[in-house]
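*Asks:* Assemble the complex: chain G is given as a structure, and chain Y must be docked to it using the hints.
Residue numbers (my numbering), protein chains in the order written: chain G, 5 to 508; chain Y, 5 to 508.
Since the hints were derived computationally from the structure, they do not count as laboratory data. Just to be clear, a hint being listed does not mean it is correct.
[Stated by the list, open to error] Straight-line Cα separation of at most 16 Å, EDC-like style, residue types lysine to aspartate or glutamate; simulated pairs:
(1) G:Lys481 to Y:Asp444
(2) G:Lys455 to G:Glu380
(3) Y:Lys266 to G:Glu291
(4) Y:Lys283 to G:Glu150
(5) G:Lys345 to Y:Glu336
(6) Y:Lys481 to G:Glu223
(7) G:Lys283 to Y:Glu150
(8) Y:Lys481 to G:Asp226
(9) G:Lys266 to Y:Glu291
(10) G:Lys481 to Y:Glu150
(11) Y:Lys345 to G:Glu337
(12) Y:Lys289 to G:Glu150
[What the hints assert, rightly or not] Some chain Y residues near chain G, calculated using beta-carbon distances under 7 Å:
(13) Lys289
(14) Leu397
(15) Ser489
In this text, a Cβ means the ideal position worked out from N, Cα and C, and glycines have one as well.
Protein chains: 2
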Amino acid sequence: MLKSAINCVKLHSKICVNLQSIRCLQLTPDYTQNSYKVTRGNYNLLKDRHVDFFQSLLGKERVLMDENDLERYNVDWYKQVRGKGQIVIKPKTTDEVSKILAFCNDNRLAVCPQGGNTCVSGASVPVFDEIILCTDLMNEIIHLDENSGVLVCQAGCILQNLNNYVSEKNLLLPLDLGSKGSCHIGGNVSTNAGGLRLLRYGSLHGNVLGIEAVKADGEVIDCLNTLKKDNTGYHLHHLFIGSEGTLGFVTKVAIQCPTQSKAISLAFLGLNSYEDVIKTFLQAKLELGEILSAVEVLDTPSMELVNEHLKLNSPIGNHNFYLLLETKGSNEEHDQDKLNKFLELVLNKKLVVDGTATTEPTKYNAIWSIRERLPEAFALDGYVYNYDLTLALEDYYKLVSELRDHVGDRSHRVFGFGHLGDGNLHLQVSAIDFSNEFKDYIDSFVYKRVKELNGSISAEHGVGFLKAPYLNLVKHKSSVSLMRSLKNLMDPNGILNPYKVLPY
Amino acid sequence: MLKSAINCVKLHSKICVNLQSIRCLQLTPDYTQNSYKVTRGNYNLLKDRHVDFFQSLLGKERVLMDENDLERYNVDWYKQVRGKGQIVIKPKTTDEVSKILAFCNDNRLAVCPQGGNTCVSGASVPVFDEIILCTDLMNEIIHLDENSGVLVCQAGCILQNLNNYVSEKNLLLPLDLGSKGSCHIGGNVSTNAGGLRLLRYGSLHGNVLGIEAVKADGEVIDCLNTLKKDNTGYHLHHLFIGSEGTLGFVTKVAIQCPTQSKAISLAFLGLNSYEDVIKTFLQAKLELGEILSAVEVLDTPSMELVNEHLKLNSPIGNHNFYLLLETKGSNEEHDQDKLNKFLELVLNKKLVVDGTATTEPTKYNAIWSIRERLPEAFALDGYVYNYDLTLALEDYYKLVSELRDHVGDRSHRVFGFGHLGDGNLHLQVSAIDFSNEFKDYIDSFVYKRVKELNGSISAEHGVGFLKAPYLNLVKHKSSVSLMRSLKNLMDPNGILNPYKVLPY
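Just chain G, with the same shape it has in the complex (with noise of 0.2 Å):
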């Protein structure tokens, strides 16, 4: 039975997580450099002269070079990672970026991007000592066409205040992350980040209508479409989509926003099998077809970590698995009543053992949270070493029971949850701390059975700097040749974010 009727709201406000604000407890790891076999590009070292320009250029307030300044743009927020950057530079406007890179690009100086450095695949932190090039003062929201729904925008404007500001128009950001309060635009876009809104709303490469970017030599490539279709020559601004920061650097991006639900429902259910799991997905595609909005996985021990770390509990009880059910639509009592019926479907067909339903916000917000801050109880969980698989639907879990065999009492936990409708799988492994031998051993083996499975080793975390060594693995010997082909003919110093997407 159900154990909450549904109520009417208008206002949801879902819980933002900050994770420049909870960072990770554990403990800062040793330098990349050290930690892995990478060896530096033949790139200049820093010099006064070249700090003279860049402090000209901007003054010395968004030019930082202080130690204490410095360690939060160095390590990434998992703690996997820490580069030597000596200098961060914070632009303002397009036109300064070019001026950077122009000069960075003359002068042989490597670059890392950086957003609000929140990427879990180590692409936004420097491997050596390149120049952190940040989009932190580059948020400034440029316009917004209220008939088309289209948003245009700097690159540093942080996620989470785009969707407050669209959400005034009745409209919201197609794409929702865990990291939405740290976030920026242009490190979603530069990663092709996925999220909680995928299903509903398709990728950024349906929904980013255009991108302006600056090349490694400084020129601006400007093919910023605010067009719903624009079918005039290359579709350029693909290129800057998903590779991470490689081949350009993003200044401004349009993005469409769809419009707003007046209804939002969330069920949460309890199940004792990941068989169920599956046939309770495929009613739910059946029966609320185009109100579905998000469909999440999670596992027991995903329910005990929050429950331990972060005091949270399953408003039903303990289960093997539980399924959460967003639906928005346009009409509150057709989607109560889609929803109902559906829950009552499965009930009787003892698919799903328990489940709540809400549209109260406290209630909503409550249980989102269980998914949303798994992270935050991650990182209190000693070290993470984590995974983002996609899997076909009837591989997805049983990669996770292998891993929990492979790995046995060599971790705390082996977490399963994740973009059930995507077949987006976080696979994560908790450990008391990072050893590169432990790694080597979970990577080979999760990299070598998704292989075998035809899924992919990345789902919406990219390639970054951890992954880079599996791309040969997993991408046909002409596609990779032709991917270096494009760093070539876009960036031939390399400056633009080393070691990162291309194998090392």
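*Replies:* This is chain Y only, laid out in the frame that chain G set:
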């Protein structure tokens, strides 16, 4: 008052126009090389030894050289352009395409890729004597994953056939075009075709998950990803979406297919003014939300045209503007309720003068025919100059009126219709016959105004041959320069679809 109550139906088989079977009735045009200022590139002429190679590879029956056979491959459907290709080659496999292109590249033979030859920008036929490399026989459906809805097929599959295939599994293709009975999916992808379902399901950049393509030198680029999320390396398949066969020859496509809706309704509305059209559209977005699946507009001349040439009548009498609104949803009762409330609202507000709504298949098809058979009707109205534009909604119809004034009695009629929901206007001018001078007269006016209004000169039809001279007008110099660099990188001898997309 509504003239028809909404009735329950389960099956919809919208009319399918096979463009090849109703070939445009206007006269065969002069050869493109005579009509346009274009100079043949430095390619070799076809020799017997080349023909011997193709025949030895494919057999004589897959190498067409008879003049009568060649005609339909050399002339586009609208009879705007005419090539002098002397040979049509029909590979069946990727390996054959690879061998053919490698040979052509080694022998400096120019190649024109061709799918269903339904392009209206002159991309799909030769300009001079390019070899026509046709996907007619590459029509194998390779795999359909029923859980994820991902379809993998060869490039030569006809869109309608694919749709029929997946409909048996309760799925549909995310694109729908008037030419669906003829066009090939490889051509759709290569031209980033838009069409009637873009409003609901988004663009091909969002829906095509992977592509296999052959580069000019014969190298196969296998990026045929079939997962909804895969962020490993550069997203190469986007290079081939919308580059109109100039960067590679698409051989296979993986595309995600949404679940078919259980309920479909159609409303056809008569309105007094374009201002009311906009207001009604915005109201529809609010009231119909997630079930809105198509929003098409027609003006009076368009309606008169289909009435005159095809004897199709408006089911609601004559009005200044007509709006066609389609809804697709998972619950018929809910959809009807939403649509009825919306119609009551816009009738009460006097935004709509008259209207009819239906779910009954015959009536549904009859109404859609008015919109979908417009290309047939144009072909019977003399020579048609056609423009495919995107404009902000406030400028959308203004341009039609301005052009009407500009051409005066030099044209039969000026028509404005299109995908209002995407801001996509099809602006057509019919005249007795083709005149280069008149074409320039219209072109220069339309393109200048579209640029002033920050619109697009090709919303969904691509650049092809006909719009290539205007690329520099609408794109930034640095963007065109990057496009040229990409072309040189991927096709250094320029053998793939020369004189198309990039200014010749």
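*Asks:* Indicate, hint by hint, whether the structure satisfies it.
*Replies:* Checked hints:
Between lysine 481 of chain G and aspartate 444 of chain Y the CA atoms are separated by roughly 47 Å; this puts the pair beyond 16 Å, and the hint is violated. The straight-line distance between the Cα atoms of lysine 455 of chain G and glutamate 380 of chain G is roughly 29 Å, outside the 16 Å bound, and the hint therefore fails. Using a Cα cut-off of 16 Å, the hinted pair lysine 266 of chain Y and glutamate 291 of chain G holds, with the two alpha carbons roughly 10 Å apart. This hinted pair checks out: lysine 283 of chain Y and glutamate 150 of chain G have alpha carbons roughly 13 Å apart, not beyond 16 Å.
Among the hinted pairs, lysine 345 of chain G with glutamate 336 of chain Y is consistent with the structure: their alpha-carbon atoms are about 14 Å apart, no more than 16 Å. Taking the CA atoms of lysine 481 of chain Y and glutamate 223 of chain G, the gap is near 11 Å; set against the 16 Å cutoff, the hint holds. The suggested pairing of lysine 283 of chain G with glutamate 150 of chain Y holds, with an alpha-carbon distance near 13 Å, which does not exceed 16 Å. For the given pair, lysine 481 of chain Y sits about 9 Å from aspartate 226 of chain G by alpha-carbon distance, which is consistent with the 16 Å threshold.
For a cut-off of 16 Å, the pair hint linking lysine 266 of chain G to glutamate 291 of chain Y stands: about 10 Å separates their Cα positions. Using a Cα cut-off of 16 Å, the hinted pair lysine 481 of chain G and glutamate 150 of chain Y is violated, with the two alpha carbons roughly 30 Å apart. For the hint linking lysine 345 of chain Y to glutamate 337 of chain G, the alpha-carbon distance of about 14 Å falls within 16 Å, and the restraint holds. Simply put, lysine 289 of chain Y and glutamate 150 of chain G have alpha-carbon atoms about 12 Å apart, close enough for the 16 Å limit, and the pair holds.
The restraint placing lysine 289 of chain Y at the interface with chain G holds, with a minimum CB-CB distance near 6 Å, inside the 7 Å limit. At a threshold of 7 Å, the smallest CB-CB gap from leucine 397 of chain Y to chain G is about 5 Å, leaving the interface hint in force. The beta carbon of serine 489 of chain Y comes within 6 Å of a beta carbon in chain G, closer than 7 Å, and the hint placing it at the interface holds.
Consistency with the previously given hints fails for numbers 1, 2 and 10, ordered from lowest to highest.
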